[in-house]
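*Asks:* As they're listed, the protein sequences go chains A and F.
Quick note: the first sequence uses the numbering used here, first residue 1, plus one each step.
Quick note: the second sequence uses the numbering used here, first residue 1001, plus one each step.
Hints in this document: simulated from the structure, not taken from any laboratory.
Treat each hint with caution, since some may be false.
[Unchecked claim] Derived DSS-like pairs (lysine-lysine); straight-line CA-CA distance at most 25 angstroms:
#	chain 1	residue 1	chain 2	residue 2
1	F	Lys1053	F	Lys1085
2	F	Lys1429	A	Lys47
3	F	Lys1349	F	Lys1373
4	F	Lys1105	A	Lys373
5	F	Lys1379	F	Lys1301
6	A	Lys53	F	Lys1053
7	A	Lys47	F	Lys1053
8	F	Lys1341	F	Lys1373
9	A	Lys373	A	Lys233
10	A	Lys233	A	Lys301
11	A	Lys105	F	Lys1373
12	A	Lys306	A	Lys233
13	F	Lys1373	A	Lys53
14	F	Lys1204	F	Lys1429
15	F	Lys1053	A	Lys51
16	F	Lys1051	A	Lys51
17	A	Lys85	F	Lys1085
18	A	Lys199	A	Lys429
19	A	Lys204	A	Lys85
20	A	Lys47	A	Lys105
21	F	Lys1116	F	Lys1454
22	A	Lys429	A	Lys166
23	F	Lys1053	A	Lys85
24	A	Lys166	A	Lys204
25	F	Lys1105	F	Lys1047
26	A	Lys166	A	Lys403
27	F	Lys1233	F	Lys1373
28	F	Lys1233	F	Lys1379
29	F	Lys1047	A	Lys53
30	F	Lys1330	F	Lys1301
Number of protein chains: 2
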Amino acid sequence: MNTSADHIYHTDTIIALATPAGSGAIGVIRLSGPQAVPVTNTIFRGKDLSKQKSHTIHFGTIRDGEIVIDEVLVSLFIAPSSYTKEDVVEISCHNSTFIIERILKLAMKHGARPAKPGEFTLRAFLNGGLDLSQAEAVADLIASNSQASHQMAMQQMRGGFSNELKNLREQLIHFASMIELELDFAEEDVEFANRDDLKALIYKINHVLQRLISSFEQGNVMKNGVPVVIAGKPNVGKSTLLNALLNEERAIVSEIAGTTRDTIEDEINIHGITFRFIDTAGIRTTADIVEAQGVERTYAKMKAAKLIIYLVDPEQARAEVEEQLEELEKLDIPFVTVVNKSDILSPQKQLEFAHFNPNFLSAKNKEGIDELKEEILRKVNLARINTDDVLVSNIRHLESLQKTSEALARVLENVDGSVTSDFLSMDIKQALYYLGEITGEVTTDDLLENIFSKFCIGK
Amino acid sequence: MNTSADHIYHTDTIIALATPAGSGAIGVIRLSGPQAVPVTNTIFRGKDLSKQKSHTIHFGTIRDGEIVIDEVLVSLFIAPSSYTKEDVVEISCHNSTFIIERILKLAMKHGARPAKPGEFTLRAFLNGGLDLSQAEAVADLIASNSQASHQMAMQQMRGGFSNELKNLREQLIHFASMIELELDFAEEDVEFANRDDLKALIYKINHVLQRLISSFEQGNVMKNGVPVVIAGKPNVGKSTLLNALLNEERAIVSEIAGTTRDTIEDEINIHGITFRFIDTAGIRTTADIVEAQGVERTYAKMKAAKLIIYLVDPEQARAEVEEQLEELEKLDIPFVTVVNKSDILSPQKQLEFAHFNPNFLSAKNKEGIDELKEEILRKVNLARINTDDVLVSNIRHLESLQKTSEALARVLENVDGSVTSDFLSMDIKQALYYLGEITGEVTTDDLLENIFSKFCIGK
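Chain A extracted, bound-state conformation (with noise of 0.2 angstroms):
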């Protein structure tokens, strides 16, 4: 177990390249460590970096010997002011692999070694430039694909709920240090921790804990994406709908050259939301038997549905609407109806269908699009994103929060009873180590393996 006021002194040197592979015109190599700036130096051809001083950028070559592997512009960042709060060399090349290999090479024969995933993070981590929620929120940040998933992990990032947690957890401490005392004088019977002022406090506790636990299921949805259903009979224009509300999301995409973005086909993005868009075989009515067992499971897809888009076509019969509406109201899920091919609906149909108050629309003509994305953002009651909300999306901060909460009930619990004051120190000490997980006052090897793990290399 670890602590982050340990002070943990990294004697090696790390590199790796932190920018993607792919084509491009810019590479950049990071090295942090102690020897970071003296490898750079060995390789080096310009000023000597070992005299310049931190945030300065220096032009020179990079050299095997006398062949010139490239020319380059090289970082400085002297610690502690560096992302590791170690000294850190970006080096930024020309985007060849082949030039990229050789510097790595190159550095690593004068010292450095390869990074780990995550291990310029962990290292800002262990050196307490972010707390471990933190740190999670960098990778969240880089995965962020929606302006939802992006305002939460910044937010997070920047601190989020960091302070708030460990502020009520120092005065946790604060009684778990008076029973403590009290133990060590328990033949005297003294209470040096005022068992009032200690439920206030869990009450607050309780109360955060709650909010946050309480924000995980918008947090989650915000970060992962919306799952929705598009259901109606086949034919009826799902996919034309689908491509319709993709198409002017993609168009703002396309717009800026050299950003391709790796679309995930059944995902849209509409105010900032991503909408998950989950394929099902359409539903029909049960009356066809043999079908039976494939409307079962579309029916078992929209069950895990936020939002149900139920597609009707114009020259479907009523009394079949009526009667998938029915179905469709027992899933007590939220649905929209939509009307599609408005173009070519007699004026008679949709007197009919009026009475569903459904939204108008043709897929192919992209008319009414807009006004469905309205519709779609009001049903799943995200239309808002208020930035100054703190969410829970992270499924271990879920855990801890949980795990955190019951340890507290047993406190509250046993607080005016029989228990003596070491069972309650029990409590309260596990309710300590929870909490202190999240942010990583508390870590264990295993807990950091498993953060940093999933984190990319050059991170």
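Here the structure of chain A is known, so what remains is to put chain F in place on it, guided by the hints.
*Replies:* Chain F only, in chain A's frame:
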């Protein structure tokens, strides 16, 4: 037509992602132009960038109003101390597509415009930071994937033949102006340009041109790889041999985690030179008439090769091998005879084959592979990469060199004859034009468009 001596002031500011798209820790966004610093200053919260020195780095946040988009490092390069010779800003952000897109859009909202492919390097050329052949070398450098192609590109980027050609061109310009002067005094029949000196200069230029032109074959092979065919009967172990040749190189590459090389399956790198393997159906004796056509295609491919590795099975009849070797010799391409499966080769067969002076190896057990590599290098006669040799590897340069040479040949042809000075002048001007095209003293918009449109965006 432009000349680099013209000062072309760009009033607009360009922006692009300079690092590859994909998974990584850092993304670098680059701005260049008179508004690079003001635009960044508008969206950056931190120090006032307009008051900072060149080659300094500043930590802060990029904000859209009050919304924090990212915590970033901003690097400043103040004109003319930058790649483009304009003010350049590099924003180093977390490598999330979402963040990069937001920052690009935000900077574009405040006056930057998306850069076209190669536009940063085009500006560097137009502002006199690089000549044209150097600018082209930047693209070659990024694309370089072997020691040979890297060395050639690096040498060209750092000057290469540019200075030599520029110097010769200036001497030729001197003669051109003397001959122009003769035209002004045409009636007086004076000769300002000494014809013997002119001829001496043209001989000197032609000597350089011929050296460069004849270096193209080697340069091209070094840049694009040596085409090699592995021939032999089916199932003789061609792909096992290819894998054995590939494997060692791959092992070195995978040592360095994080630098995934986009390996093309059939390219291998031996001592810094790329060998490009051409797939063939395998050769058989032409006795089988039905297969004659397939064999013909194989031979056609073999003729395009610079080297043939002829792979023999230890069970093959000596007569058959002899017959095929005779066929190969007719092609007049260097070839290496290799007997595979040396582990199961009987001493009798070994004796039988010794006559062909082959390399014995076991592709499966990776025995004899190093010896084969040495043999391959010897055969293609590129064993030594002399880093001092200036090689032409760009077909555009080759063509300009050839056209220069042709124009100069006409000058030589006419200088002693009865041709008037104005014809002489015309051919010299032609030579100057083509010579100037190489380094960019002479450019047309089409030429520039053609060169820079092949660059990646952000370079």
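*Asks:* Hint by hint, note whether the structure agrees.
*Replies:* Checked hints:
no. : hint                    : in the structure
1   : Lys1053(F) - Lys1085(F) : holds, 15 angstroms
2   : Lys1429(F) - Lys47(A)   : violated, 44 angstroms
3   : Lys1349(F) - Lys1373(F) : holds, 24 angstroms
4   : Lys1105(F) - Lys373(A)  : holds, 23 angstroms
5   : Lys1379(F) - Lys1301(F) : holds, 19 angstroms
6   : Lys53(A) - Lys1053(F)   : holds, 13 angstroms
7   : Lys47(A) - Lys1053(F)   : holds, 18 angstroms
8   : Lys1341(F) - Lys1373(F) : holds, 17 angstroms
9   : Lys373(A) - Lys233(A)   : holds, 21 angstroms
10  : Lys233(A) - Lys301(A)   : holds, 16 angstroms
11  : Lys105(A) - Lys1373(F)  : holds, 23 angstroms
12  : Lys306(A) - Lys233(A)   : holds, 20 angstroms
13  : Lys1373(F) - Lys53(A)   : violated, 48 angstroms
14  : Lys1204(F) - Lys1429(F) : holds, 17 angstroms
15  : Lys1053(F) - Lys51(A)   : holds, 18 angstroms
16  : Lys1051(F) - Lys51(A)   : holds, 24 angstroms
17  : Lys85(A) - Lys1085(F)   : violated, 34 angstroms
18  : Lys199(A) - Lys429(A)   : holds, 15 angstroms
19  : Lys204(A) - Lys85(A)    : violated, 35 angstroms
20  : Lys47(A) - Lys105(A)    : holds, 22 angstroms
21  : Lys1116(F) - Lys1454(F) : holds, 10 angstroms
22  : Lys429(A) - Lys166(A)   : holds, 15 angstroms
23  : Lys1053(F) - Lys85(A)   : holds, 24 angstroms
24  : Lys166(A) - Lys204(A)   : holds, 13 angstroms
25  : Lys1105(F) - Lys1047(F) : holds, 22 angstroms
26  : Lys166(A) - Lys403(A)   : holds, 16 angstroms
27  : Lys1233(F) - Lys1373(F) : holds, 21 angstroms
28  : Lys1233(F) - Lys1379(F) : holds, 22 angstroms
29  : Lys1047(F) - Lys53(A)   : holds, 18 angstroms
30  : Lys1330(F) - Lys1301(F) : holds, 14 angstroms
Going through the hint list in order, the structure does not satisfy hints 2, 13, 17, 19.
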